[in-house]
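**Student:** Heads up, the sequence shown is in the working numbering, so the first residue is 1 and it goes up one at a time.
Quick caveat, the hints were computed from the structure, so don't treat them as lab data.
Only a predicted model underlies this, so the values are computations on that prediction, with no experimental measurement involved.
Glycine included, each C-beta is placed from N, C-alpha and C at the ideal position.
Don't take every hint at face value.
As the list claims (entries may be wrong) - What follows is a set of in silico ranges between Cβ atoms, one per label pair, in the way DEER data are often shown:
1) Val54 - Ala358: 15 to 25 angstroms
2) Ala358 - Ala141: 24 to 34 angstroms
3) Phe372 - Trp392: 39 to 49 angstroms
4) Cys310 - Asp406: 40 to 50 angstroms
5) Tyr352 - Glu427: 49 to 59 angstroms
6) Ala141 - Val354: 39 to 49 angstroms
7) Arg415 - Tyr94: 30 to 40 angstroms
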Amino acid sequence: MEKIETDVSNRQVEKAVPDGRDDDAAADRANAAETSLSMREAFRLYWKAVAWSVCVSNATIMESYMLLLTGSFYAQPQFQQRFGELLPGGRGEYSIPAQWQVGVSMAGLAGLIGGSFSNGYFADRFGQRRVMIVSHMSLVAFVFILFFAPDIKTIMIGTLFLAIPCGFFASGTPTYAAEVTPLRLRGYMTVYVNLCWVIGRLVAYSILAGTLSMQSEWAYRVPFAIQWAWPVPLAIATWLAPESPCSFYLSIGNAGLALVGNLVSWALMARFGWRSIYLGGLLAMIPVMGLVAFLDLAATGSDAVRWGQCSLLLVWFFIYGASIGPVPYGIAANVGAASLRPKTIAIGRNMYYVLNIANTIVTPYMLNPAQFNLKGRAAFLPWVLTLLMVVWTYFRLPELKGLTQDTINHLFETRVPARRFAEKGRECQG
């Protein structure tokens, strides 16, 4: 007879199992022991898994940094003068042509989609750790293209190539976090990936604000060069890890609120379910976005209204950072079957990129003074979309917090309604 022992806070769970003939029973007991862990016990027993998850997830900072960087350069005078065209009027002003702005943005999204989809295949074939290390080393090489770019065409090519390893990070980091951490900590560590995303944006905005006063080409080369500082230490950590202007400062404020919101989401996750936080976040966003739109109808052009709209958008960023920003990372990392997790995350991430393509094309026309010039009324579109998301979430989004993979699979197989996942899940797990 073989003894299987599980130590949970000095409590011994000991069962006798016939050798090789009761694997399901052993798995059930392991699941029972894991679900009985408190937060403190889980962290004490699995602190190394948490540390490795944090190290690997930090790669998301680079993805977020890269995505924000090139788009922000379109408004930088030094970048405009080097890669743009002289505007008529004799005022010596330069601008990046709209077609090249779209081209560079689309190249980045294409690379992200390709890398994210490819991660599902290569992670299964070579292991997530090796794929991440190769991605880090590739990023070091591709930064050279952007740093020494002589024209906007090279910027587009460099953005495409640089986005490919970032696509691997996008789907690889939440997959790794979900696979190495225990159930009790899994939601927090997958949501930490979103915190890394916010940190990347905060770093990018801060560096762009700091280089704004530079009058030479180093104003855009320094932000590119900073990307060389991260891959090597992160690649080493991954190798050691176990397998599995004013607008700039306002943007810094947005990223800072999102960072605080992400920390608040951890506190919310300790008390509420993921579905409840996600649905509550959407409901809180509806009046905020509605006010932004209706204020524009009430008094277009008023300074007081514009400041009010800016304040409401900051509130929106905080709500987003505390709810629908981080929580989907936990949901996406747990909703798919374990064997399909990398592919499930890749599909979800790429849907985000596809929708981002539509947003990248539509938004300039909505806000451009020479086009629709909707100003605050542009908020009507996300307001309506948020209302639709509330309906979908209520009927279709299941509660996954605290449920083991076997329980989730069983609930899907038996076609339990999404609204009853929490109730039926507790019954299945005793």
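**Student:** Does each hint hold? Answer for all of them.
**Tutor:** Structure-based check of each hint:
Distance hint check: the CB atoms of Val54 and Ala358 are about 33 angstroms apart, inconsistent with the given range 15 to 25 angstroms. Separated by about 31 angstroms at the C-beta atoms, Ala358 and Ala141 satisfy the suggested range of 24 to 34 angstroms. The hinted range of 39 to 49 angstroms is not satisfied by Phe372 and Trp392, whose Cβ atoms lie roughly 27 angstroms apart. Under the hint 40 to 50 angstroms, the C-beta atoms of Cys310 and Asp406, about 48 angstroms apart, fit the expected range.
Between Tyr352 and Glu427 the beta carbon distance is about 34 angstroms. The supplied range of 49 to 59 angstroms is therefore violated. In this structure, Ala141 and Val354 break the distance hint of 39 to 49 angstroms, their C-beta atoms being roughly 27 angstroms apart. In this structure, Arg415 and Tyr94 break the distance hint of 30 to 40 angstroms, their C-beta atoms being roughly 59 angstroms apart.
Comparing the model with each earlier hint shows violations of hints 1, 3, 5, 6 and 7; every other hint is respected.
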